[in-house]
Amino acid sequence: MRLLIVEDDLEASRAMATGLSEKGHQCETAPDGEAGLRAARDGRFDVLVVDRMMPRMDGVTMVETLRSEGVQTPVLFLSALGEIHDRVRGLNAGGDDYLVKPYALAELQARVEALARRRELGSVQTRLKVGDLEMDLIAREVRRAGIEIDLQPREFQLLEFLMRHGGQSVTRTMLLEKVWEYHFDPQTNVIDVHISRLRAKIDKGFEKPMLQTVRGAGYRLEP
Amino acid sequence: MRLPRLFRTTPFRLTLLFLALFAAAASLFLAYIYIATAGEVAVRTDERVSREMASLEAVHRDGGVAALNQAVIERASVDHPMLYLLATPEGVTVSGSIPKSPIRNFSGERTWASFTLTDKDPDGALVRQPARGLEERLPDGWRLFVGADVGESEFYVNRILRALWGAGALMIVLGLAGGLLISRDVSRSMASLNNVIDKARGGDLHARAEVRGSGDEYDELAAGLNDMLDRLERSVGGLRHAGDAIAHDLRSPLTRLRARLEAGMIEADAGRKDAKAALHQALEDADGVLRTFNAVLAIARLEAVADVPGQTVFDPSELARSVAELYEPLCEEKGLEFRLEAENGLTLKANREFVAQALANILDNAVKYTPPGGAIMARVRRRSSGDLEISVTDTGPGIPPEDRARVVERFVRLENSRNAPGAGLGLSLVAAVARAHRGRLDLDEGPGAVDGSGPGLRAALVFPMAA
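Chains as they are written, first to last, in the working numbering: chain A, 1 to 223; chain B, 1 to 467.
Think of the hints as simulated: they come from the structure by calculation, not from any bench.
Check before you lean on any hint, since a few could be wrong.
Chain B stretches covered by chain A per the calculated footprint, using a threshold of three residues with CB under 8 Å from any CB of chain A [said to hold, decoys possible]:
{"id": "1", "stretch": "287 to 299"}
{"id": "2", "stretch": "319 to 326"}
{"id": "3", "stretch": "346 to 360"}
{"id": "4", "stretch": "363 to 376"}
Keep in mind it's a predicted model, so treat the numbers as computed, not measured.
Think of the CB as a built atom: it goes at the ideal place given N, C-alpha and C, for glycine as much as any other residue.
All chains, please: the whole structure from these sequences, using the hints.
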């Protein structure tokens, strides 16, 4: 994937580029909003990672300008401002996801990949398929190798998110934000328990476990 | 050249404006008095002339022209205040006190006229006086003129006018003086307010304007200014306190992190420890510092704001169900019985995210401290007092009454919880959320001691009715 990192803290920018290149992505960097805008205008990037507060042109203005020019590249905002209204402002400006500083590298990688994937898949889907796991979003049914699996509503949502990001790492924070819509860190890992319940339902009795724990990052649904 | 400060003040300008308005009104009033008085004088002069004419006509009726001539000569010879003239039908003067009738357009009947009389006063100076006169043709054709100068009456009118002018001048002087006094008083009141504002601008938020207790608009303004400064001072003080708290709270974990890194480096150098393991440990420590930082920042912010941002009206039972759903599997995993009792139709105006986090923290604690086999009950209800309660009751060891006030302070962890995970900020955050919404966090005993467990803890977030 081609990524553009727009961040005025060059140290942080370099660390991000190193971490993301590690995962096989090509990274370019821009030191401020104006340079970021110039680089991103032609839409050759798959994901833009944009810091909110930068000299010359801030991230929000940069993304607003891009969107007004019709550039639809997914944007991940990075910000030290983590209050709800800060997020809303970032997302309203045309951001697709919002990551509060400081963050773990694994979190950044997972979110960037999730954004790129969302773009690939495009619009409305009614059926999801990862390996031999199938989900019918209209009938709200889940089958693995043809055998129906009975899920609670929240388990269904959780699996849907994992399937939409099949093969990718997703972090606990992402799950908490996207499935439960909470933006705080619970002190205990409540998510783990939900995952192990889901795992019991979809992997039990099958030879190959699909729902895997990724050390230091989160979980991954392997096809 | 600029006017002196006093003359530029608003009250002084207003005084001038009112003075001008008042002077205009007074001039109209004076003009009316003048016209009325002068008119009255003319009427009275005319009456005097008419009366004299009637009396002379009577003389003529009784004694003919000779008697009339005699009477006119008599009256004109003494220093009579009136003017007389008797003329033949052809207009030839026979007798009188003036040589010629001042009436030019005599119509042949009774003709009135106003004219100016030129006379010499005892000093020989020329005196011009306004006069009124009446000329009549008597039945036998002779012409008789009687006139009177209105000078004496005019004199009174002039006296009145002079008095009025004097009064006007006095009014203007008094008005100006009053205006100056008022503007000095207002300037003094404003100077005290401006002084406070200047000090506040310079960073001194302790200065307060004097409230004199007169209840006028200056007092109101001063009170408003003082109230604003009170709020500002509290808010700034809150921020300063937050800054101090963050600095204090982060110093120890950062010191710990630094010490560990240093120790790790020494040990790695000595070959006793793997450098990678030391890095790993340091990363975990850094994450811990960041978590602490986030919690402390959230608490400090909540304590600093006067009004929580992002408040919405929502159903607290729905929120509790959603948070409970997050924690239920955890309870089950740990062998805890979990129950939620939530009333329907409740509303709460608050920052939903904060309340969710507060409830999550309480549930977190309950799960953490309740031994397997215990029970946790969450409850959302409207109390009879109207307050809204979101509470969690567990059957864990509880908190001794003497420690309950202490556990909501930052970083306080009781002896028996030392080895449980967490930084000791959970309940402080809950309490901060409650306080920020003008509510409180109540900590009580749970259901009591049973079979060696308990007495349990009941943690209740209480939001006042208006919230």
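Hints, verified against the model:
1. 287 to 299: Our answer is that it holds, as 4 residues pass the Cβ test (under 8 Å) against chain A, meeting three.
2. 319 to 326: The restraint on the stretch 319 to 326 of chain B holds, since 3 of its residues have a Cβ under 8 Å from chain A and three suffice.
3. 346 to 360: Three-residue rule met by the stretch 346 to 360 of chain B, so holds; n is 5.
4. 363 to 376: holds (count 3)
Violated hints for the displayed structure: none, as all numbered hints are satisfied.
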